[in-house]
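To get this note's numbering, take the position in the sequence shown, counting from 1, and add 16.
Everything labelled a hint here was simulated from the structure, so no lab data went into it.
One or more of the hints may lead you astray.
[Stated by the list, open to error] Listed next, the in silico DSBU-like pairs over lysine-lysine satisfying Cα-Cα at most 35 Å (straight line):
| # | residue 1 | residue 2 |
| --- | --- | --- |
| 1 | Lys213 | Lys53 |
| 2 | Lys31 | Lys59 |
| 3 | Lys115 | Lys58 |
| 4 | Lys115 | Lys31 |
| 5 | Lys113 | Lys173 |
| 6 | Lys211 | Lys173 |
| 7 | Lys211 | Lys58 |
| 8 | Lys113 | Lys53 |
| 9 | Lys211 | Lys59 |
| 10 | Lys115 | Lys59 |
| 11 | Lys115 | Lys53 |
| 12 | Lys53 | Lys31 |
| 13 | Lys173 | Lys213 |
| 14 | Lys59 | Lys213 |
Predicted, not measured: the structure shown is a model, and the values here were computed from it.
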Amino acid sequence: MFNKLQYISQGDTVKEQLYNIHQALDNGCDWIQMRFKNQDSKKSFALGEAVHFLCEEYLANFIVNDNVHLAEQIAADGVHLGLTDMSIQEARSILGKTKIIGATANTLENVINHIQNECDYIGLGPFQFTKTKDNLSPILGLDGYHSIIQNLNEIQKETPIYAIGGITLEDVESLMETGIHGIAVSGIITNSDQKRKIITQLNENLYSNVII
17 MFNKLQYISQ
27 GDTVKEQLYN
37 IHQALDNGCD
47 WIQMRFKNQD
57 SKKSFALGEA
67 VHFLCEEYLA
77 NFIVNDNVHL
87 AEQIAADGVH
97 LGLTDMSIQE
107 ARSILGKTKI
117 IGATANTLEN
127 VINHIQNECD
137 YIGLGPFQFT
147 KTKDNLSPIL
157 GLDGYHSIIQ
167 NLNEIQKETP
177 IYAIGGITLE
187 DVESLMETGI
197 HGIAVSGIIT
207 NSDQKRKIIT
217 QLNENLYSNV
227 II
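The whole structure should be built from the sequences, with the hints applied where relevant.
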């Protein structure tokens, strides 16, 4: 079963990214999604290789955001595809059956389409406004998650769905009650000066709630 907590990396430079990822790993995260947008290939490759080494050391899952070819080059555990990125089928043909392929969704139609295309997990959002990502899709809120989850059949619900977008510690319990599998967060960990405490609290809230 996939971890319930995903950390999406932040940082404008390789150095900042590595520091933030290392801090997340060292304080208890075991799922890293490397998000390093609009960078040249040499910097992305250098960061990817370094993060791969760190994730192996910490026995953490390592997912590359958007860049399927980079994920293949550095033998990452998988890739996360945005709504306008490469198709799941094409990514699967490049990475093979054993790699993890996640996909972003904003609507019930997106979710069902991704499941039919056999993605391994879905990042559904945004939950609420976040400064982390430009060009946000429409905000879902709790009602949006409830509606989408309730409209899935039992087989479709077997695909793990993660809430994403501006999530705080106080949001976790109510989000888990909608039936999602877990959460993907960034700023709440990156910007915390008590990373071990916040990661521990997030995990406690994620794993103490019964999914309905």
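**OP:** Please write out, lowest number first, the hints stated earlier that are contradicted by the structure.
**Re:** Going through the list in order, the structure violates no hint and respects every one.
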